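J.: For the protein sequence lines, the chains are A and B, in the order given. Residue numbers for the first sequence follow the working numbering, beginning at 948 and rising by one. Residue numbers for the second sequence follow the working numbering, beginning at 948 and rising by one.
A couple of the hints might just be wrong.
The list cannot tell twin chains apart, which means a pair is met if one copy fits it or any two copies do.
[Claimed, not checked] Cut-off 20 angstroms, straight-line C-alpha distance, at most; resulting in silico cross-link-like pairs (SDA-like, lysine to any residue):
| # | residue 1 | residue 2 |
| --- | --- | --- |
| 1 | K949 | D999 |
| 2 | K1142 | Q985 |
| 3 | K1072 | G1044 |
| 4 | K1102 | D1139 |
| 5 | K950 | K967 |
| 6 | K967 | K1142 |
Hint data in this document are derived by calculation from the structure and do not stem from the laboratory. Values in this document were obtained by computation on a predicted structure and should not be read as measured data.
There are 2 protein chains.
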Amino acid sequence: MKKIITISRQFGSGGRSIGKEVAEKLGYDYYDSELVTQVAEKTGLHPSYIEDAGEYAPGKSILSYAFSSGASPGSMNASDYLWSAQCSVILELAEKGNCVIVGRCADYILRDRDDCLNVFIHANKEYRAKHIVERYGVRDKSPEKRLEEKDSKRKVNYKYFTGRVWGNIENYHISLDSSALTPEKCVDIIVDLAK
Amino acid sequence: MKKIITISRQFGSGGRSIGKEVAEKLGYDYYDSELVTQVAEKTGLHPSYIEDAGEYAPGKSILSYAFSSGASPGSMNASDYLWSAQCSVILELAEKGNCVIVGRCADYILRDRDDCLNVFIHANKEYRAKHIVERYGVRDKSPEKRLEEKDSKRKVNYKYFTGRVWGNIENYHISLDSSALTPEKCVDIIVDLAK
């Protein structure tokens, strides 16, 4: 039985809803924005900074932090500080009990445990574009541009902290195309594998 | 219901055996080395050339062909000729009836059909190294080197003919780690999805 299910996902693939549904079906705890709050409490950083830092490339924050504080190159910057707090929160949650964790590099942070099932959810561009417009509304930028930017930022963030390539097939025990298989089927497969 | 299941796989991941088992359980035809023979019959090329060309980078054959025949740069070379025959064989097999096709870029060749399930099987290095030694015996080269060379050749071959990146998560509806999930579980998931 897998105690912990980590879900990484392309923006707009519905991975978050799939994770929530899996947690409900299995009676597992579910962590996503809750996690953000917990990290915030631990670090004293503002929740909106943490939310952004989980998704975006760390470059800018490091620079602005370094310039404003005059920190030397070797010293810990805000994003490294957040990363270290995020690691310890996720490691603690994993100790606490059965759970589903969406995003936040949990697959990497929990890589030394053998009771994790690491899942990646992806979908074709048309499906994802439709999904984000339904969920987050229309913006000035095209849905395609928004998908590209968000995933590219996730990629840079993941690479920066883990040294790995986000979305690389070998990082995950199972990868599912939610647009081809349907979200319901993805939920069934994951629930079945966890048991 | 999915009429056609294409299986792409890392060398040593057991993807071929998984494909065979899936075909048996579903009562589908299974194509792999049989396919090689069929292509051979169609092209008049030697079966051993075809077997190699499916796995290896096309560069060398093109050069040797060009030099020996004095072909002009725009003319069709042996590997393009083989590719074109391979495409038509696979398209015909797909028309013929329900089947499992392992390797040979079938996922790409059949990309316009909506009754295909495209699967990728991968596994961790230790599992694959053990598997190829059990199956193909010990060689001078280390198992790790053999894995790397074979997959790298598959990658070059796939890129050359399809323009896509082999093993890119987005090419497949489902990707499974046979070392983490067990081959039996992979078979069950694929059979269930095909139904």
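J.: Against this structure, judge whether each hint is valid.
T.: Here's how the hints hold up against the structure:
1. Taking CA atoms no more than 20 angstroms apart as the test, K949 paired with D999 passes in neither setting, with 30 angstroms inside one copy and 41 angstroms between copies.
2. Neither within a single protomer nor between protomers do K1142 and Q985 lie at most 20 angstroms apart by alpha-carbon distance, with minima of 28 angstroms and 43 angstroms respectively.
3. Within a single copy, K1072 and G1044 get their C-alpha atoms no closer than 35 angstroms, and across copies no closer than 30 angstroms, so neither meets the 20 angstroms cut-off.
4. Within a single copy, K1102 and D1139 get their C-alpha atoms no closer than 29 angstroms, and across copies no closer than 32 angstroms, so neither meets the 20 angstroms cut-off.
5. Taking the closest pair of Cα atoms, K950 and K967 come within 20 angstroms of each other only inside a single copy of the chain (15 angstroms); across copies the shortest separation is 32 angstroms, beyond that limit.
6. Proximity of K967 and K1142 under a CA criterion of 20 angstroms is satisfied intra-copy only: 16 angstroms inside one chain copy versus 26 angstroms between copies.
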